[in-house]
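Residue numbers (the numbering used here): 6 to 111.
Some hints here could point you the wrong way.
Distance condition first, Cα-Cα at most 35 Å in a straight line; then the derived DSBU-like pairs of lysine-lysine [what the hints assert, rightly or not]:
1) 41 <-> 27
2) 27 <-> 76
3) 76 <-> 41
Calculated directly from the structure, the hints in this document are not laboratory data. Quantities reported herein were computed from a predicted structural model and do not represent experimental measurements.
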Amino acid sequence: MNHLSRLSHFIVASQAVAELLKQNQLSSFEQVWEAKLPWFEPPNQRRNGWSGVSEHQLHTASGNHINIFIKRQENHNTFSIQHPITGIPTFYRELNNNTLDTFTQP
Numbered sequence: 006m007n008h009l010s011r012l013s014h015f016i017v018a019s020q021a022v023a024e025l026l027k028q029n030q031l032s033s034f035e036q037v038w039e040a041k042l043p044w045f046e047p048p049n050q051r052r053n054g055w056s057g058v059s060e061h062q063l064h065t066a067s068g069n070h071i072n073i074f075i076k077r078q079e080n081h082n083t084f085s086i087q088h089p090i091t092g093i094p095t096f097y098r099e100l101n102n103n104t105l106d107t108f109t110q111p
């Protein structure tokens with residue numbers, strides 16, 4: 006399985022989070038990617054691509070707000086001994102370096 010198809014299966018770890026994202030029109034990759042959000046800081050332009058983070062406020066059904074960060078990258082690859090020529094998406098490396106066993110709503 007290539008890196009992109011593996012990433013496409015990574016959506017959300019719980020039904021509660023999936024519902025929260027749906028309520029905020031962020032339940033698909035396309036919605037997250039196309040969201041018009043201001044950058045938290047200027048995007049990085051390197052590695053033949055770019056990487057940037059936006060801060061966003063999710064609204065809960067009870068009227069509360071949850072602040073989240075959304076990271077978007079395009080053609081932002083990390084090169085390694087295992088992938089010296091084409092590299093792998095930086096997000097893929099970051100995802101593998103983090104443990105995302107659970108994600109609960111505060």
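Cross-check of the supplied hints:
Between residue 41 and residue 27 the alpha-carbon distance is near 16 Å, which keeps this suggested pair within the 35 Å criterion. For the suggested pair residue 27 and residue 76, the alpha carbons sit about 18 Å apart, so the restraint of at most 35 Å is met. Proposed proximity of residue 76 and residue 41 is supported: the alpha carbons are some 13 Å apart, at most 35 Å.
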